[in-house]
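Chains as they are written, first to last, in the numbering used here: chain A, 1 to 687; chain B, 1 to 232.
Hints were generated in silico from the structure; no laboratory data involved.
Check the hints yourself; a few may be wrong.
[Stated by the list, open to error] Straight-line alpha carbon distances no greater than 20 Å define the calculated SDA-like cross-link-like pairs of lysine to any residue that follow: (1) K24/B - Y479/A; (2) K31/B - L482/A; (3) K398/A - H409/A; (4) K88/B - P526/A; (5) K82/B - L482/A; (6) K228/B - T528/A; (7) K82/B - V465/A; (8) K58/B - T471/A.
Listed below, chain by chain, are the residues.
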Amino acid sequence: MDTKLRSIKPALALLAFVLGVSLLLYSGAAWLFLLTNTSPSTRVSLLDAFQADYQNTSLFRRMLGEDLYALLHYATSTEYYSSAPLAEDDTDLLYHVEKDGRLLASNTSADLSALDGLPEGYNFLLIFNGETASIWKDGQEVNVYGDGFYRGWEEDWYVPGYANGSTHDEAEYAQVVACLAAAKDPASSTSGYGFYHIVQDMSRMRVLLIWLLVVPPAAGVALLVWYILWRRYKRRADQAIAWFTGHIWLELKAALLLPLVFLWSDAVTGCIGLFIRLNSSLLFWALAVLPAFWWSCLYLNDVRYNFGRLRAHSFCAACVRLFHRQALAWSVQQRMDRRAVLQFVLCIPFFLVCAAQIPGLYSRRYYTGLLPLLLALICLGGAALIAAQIRLMTANRKAMADMDRLLTHIQAAGAGQPVGSLELPEGSDLADAAASLDQMEKGLRTALIEQMKSERTKIELIANVSHDLKTPLTSIVSYVELLQQEEGLPEHVRDYIRILADKSQRLQAMVRDVFEVSKAAAGNLPVTVEPLDYAKLLRQTLADMSEEIERASAVLRPSLPETPVWIEADGDRLYRVFQNLISNALKYALDGSRIYLDLALEEGQAAAVIRNISRDELPQGVDFTQRFVRGDSSRTDGGSGLGLSIARTFTEACGGSFSLRTEADLFTVRVAFPLTNRRPAEVPPAV
Amino acid sequence: MNECILVVDDDAEIVKAIALLLEKEGYRVLKAYNGMEALELAVEPELRLILMDVMMPKLDGLSAVLKIRERRNLPILILSAKSEDTDKILGLSMGADDYIAKPFHPQELVARVRSHLRRYTQLGDVNAAVQAGEIRSGRLCYRPEERVLLADGEPVRLTATELKIVDLLMRNVGRIFPAEEIYRRVWGEEPYATENTVMVHIRRIREKIELNPKEPEYLKVVWGIGYKIEKH
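Produce the entire structure from the sequences given, and follow the hints as far as they go.
As structure tokens, then:
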């Protein structure tokens with residue numbers, strides 16, 4: 001549920017943003033359009049729609065004026081009218097017209113010539129007395145003419161009698177009296193467009209306006225607020241889109257820019273056109289604003305997140321990459337050769353275009369004089385160019401062949417194969433390079449031989465030194481033994497001999513350790529790696545050292561798994577590793593403290609960890625596995641200082657990893673080996 | 001009769017020390033200080049054993065061993081400061097019977113000399129007529145019928161448990177036994193935390209049969225697997 005929501009949130013945030021901005025754009029356009037557009041094609045104007053009383057609308061004024069003029073025309077016309085001047089069945093508009101005191105037409109029996117005669121349900125009365133019109137609304141007289149000038153039906157009543165009116169026409173109306181009464185709440189639905197329809201249109205317009213002009217911007221703002229709250233999700237959606245668009249080739253994007261430009265020009269023309277005059281086709285074009293806008297946003301988003309990668313994600317770049325990948329399999333000579341061919345091939349279209357011009361030249365008569373000369377020049381130039389290209393390519397080919405040989409030579413030398421000196425043809429571009437290479441190689445070989453010699457000398461030195469140490473040591477040990485067998489010596493002499501025996505033993509161990517560590521350092525330590533049970537090896541080591549462990553003042557707490565832990569190592573070496581580590585821990589652990597030996601399995605590895613608290617303060621920043629390094633620098637205690645060094649070199653020689661950490665006085669050694677699937681060979685059943 | 005031993009080493013002090021150690025054990029000692037002298041002295045008919053150093057002037061020890069081997073069949077023990085496995089193998093392939101690395105433990109040297117002499121002089125006849133059912137491995141000889149283990153022909157005094165372990169390992173010379181298996185077969189109980197128990201007995205047996213119990217040649221631990229008696 002949670003993850004589902006997480007994946008849906010960015011989509012929702014994006015949707016909110018797009019819808020909100022679209023709605024705001026749309027309603028902004030609609031507002032501008034409706035506010036600036038006063039075309040009469042909409043019967044009820046924007047301002048009229050929100051009038052409380054339909055009689056206050058400009059439409060009502062105009063209709064009323066038109067009705068009045070209809071009555072006046074009727075009265076003054078010399079032609080014969082077969083029908084009534086206004087709808088007779090319209091109960092919302094009562095009329096009455098007379099000329100020279102004679103009633104010409106009326107749709108009511110009520111006397112409309114005075115305010116008192118107005119029937120029930122009618123609150124508006126217009127009386128034209130031949131010169132001017134008077135209007136009463138709800139019993140109040142309305143100021144009809146204002147300052148006496150007519151400016152249009154939106155502001156003024158459309159009636160005769162203005163100072164700027166037509167006097168010729170109005171003179172005709174002198175004998176006419178016309179009365180018009182309007183219902184307060186029109187209810188009649190006649191065939192024509194009556195007051196009832198004004199009311200209907202007003203409410204319809206109101207609904208329309210609310211849905212067009214109020215709801216969309218409100219929804220747009222709400223959606224934008226939502227987007228602002230969730231903008232970090234929207235950013236994720238942006239990134240997702242950018243990831244998607246990032247895979248589109250740059251060329252395709254550039255090609256798609258062209259329709260976008262057209263769309264924008266359509267949109268802009270449409271919008272400008274709409275401000276000038278309303279036209280349905282212009283409206284259609286103006287609708288292009290939204291797609292154009294969002295299309296542009298897509299581009300901006302892409303540029304914002306993929307700017308650095310735009311170039312890499314192009315068809316050209318893909319082609320180049322393909323070429324490079326292909327080129328990896330080629331030799332240097334092939335590579336350069338093909339590059340040159342490509343260069344030549346890319347020039348061909350240019351030559352072709354030039355050639356295509358030749359027939360055109362023929363068709364133009366006025367060139368004929370110069371034509372042969374021109375053609376000859378072009379052909380000669382072209383031939384010379386091609387010949388030069390081919391010559392250069394051949395020359396380069398030769399150089400490339402040499403370079404190929406040189407590179408093969410370098411590779412062979414780099415791989416350590418014995419190579420003779422490189423013979424390049426006389427005058428080759430690379431002769432100098434080949435000579436330098438030869439020199440370099442000779443120098444390198446000499447250095448290598450010297451290094452091997454010194455390595456050998458080092459090992460011989462170790463062997464000799466160890467021999468030179470062992471020979472006198474043999475004498476010491478032997479004579480100490482003889483001394484020990486001597487009888488009748490005083491007790492203090494016996495004591496001295498014991499010390500001699502003890503120290504010669506230690507010296508013996510030390511010489512052995514030094515020799516082994518030196519051998520390991522020279523990479524000369526033979527190891528026999530066999531599968532073995534790590535846990536069992538540790539148990540055997542503990543059993544082997546049980547006397548030493550019991551004697552020690554610290555307590556050893558092993559925690560070893562009962563199930564076999566198979567690793568591959570040299571058992572004798574690994575035993576030496578743990579013998580050294582455990583006796584180290586026993587020797588240096590704080591009296592009465594506990595030494596922990598754990599064997600843990602972790603991610604294909606078995607790690608034995610020994611932890612103990614040091615008796616003496618551990619110096620910080622000392623690598624204890626360095627040869628001859630010990631916790632205390634005074635070196636008065638026993639040990640060759642090689643224990644940890646031996647442990648490390650032996651572990652690494654067996655393919656394990658050795659690490660040591662000190663934290664305050666806690667001393668931790670970790671010896672880890674990868675687990676193996678190999679098992680020791682099956683043994684025949686015992687007799 | 002005192003057995004005669006030839007000690008060859010270019011270091012006179014070492015020769016002297018070895019001579020003293022051996023004379024204390026009742027052997028007669030001839031001394032040589034290089035390979036040539038050794039060759040001259042090797043004709044002595046009383047000679048029973050040679051201790052030979054490797055790196056010596058005039059003629060080195062290995063060449064001397066080769067030459068002596070042409071004429072005489074007696075135990076030759078090599079003494080050398082070179083302790084590499086390859087050096088040991090080289091020495092043994094030249095015809096030497098044992099290889100003792102310097103600095104050696106004097107007691108071990110004496111024990112080895114005694115062991116080789118015993119086998120050479122006393123067991124020479126016995127070797128010809130091997131008893132039926134006998135199991136041999138170098139210095140060790142086990143007679144399953146009598147349940148007796150001989151080291152250099154001398155019966156080894158073993159406790160009942162130790163004998164059971166030796167019986168198991170000697171009957172299967174060279175086979176590796178995990179501690180659990182030894183425990184199950186010797187004690188006849190289900191094994192639990194057996195490593196220490198078995199190891200204690202192994203150590204005790206070693207003290208009785210090995211010349212240098214710290215560097216055993218026969219009863220060996222195969223680290224991470226078990227225990228075995230090496231086939232020699």
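Verification of the hints:
no.: 1; hint: K24/B - Y479/A; in the structure: holds (13 Å)
no.: 2; hint: K31/B - L482/A; in the structure: holds (18 Å)
no.: 3; hint: K398/A - H409/A; in the structure: holds (17 Å)
no.: 4; hint: K88/B - P526/A; in the structure: holds (14 Å)
no.: 5; hint: K82/B - L482/A; in the structure: violated (24 Å)
no.: 6; hint: K228/B - T528/A; in the structure: holds (18 Å)
no.: 7; hint: K82/B - V465/A; in the structure: holds (11 Å)
no.: 8; hint: K58/B - T471/A; in the structure: holds (19 Å)
Hint 5 from the earlier list is the only one contradicted by this structure; the remaining hints agree with it.
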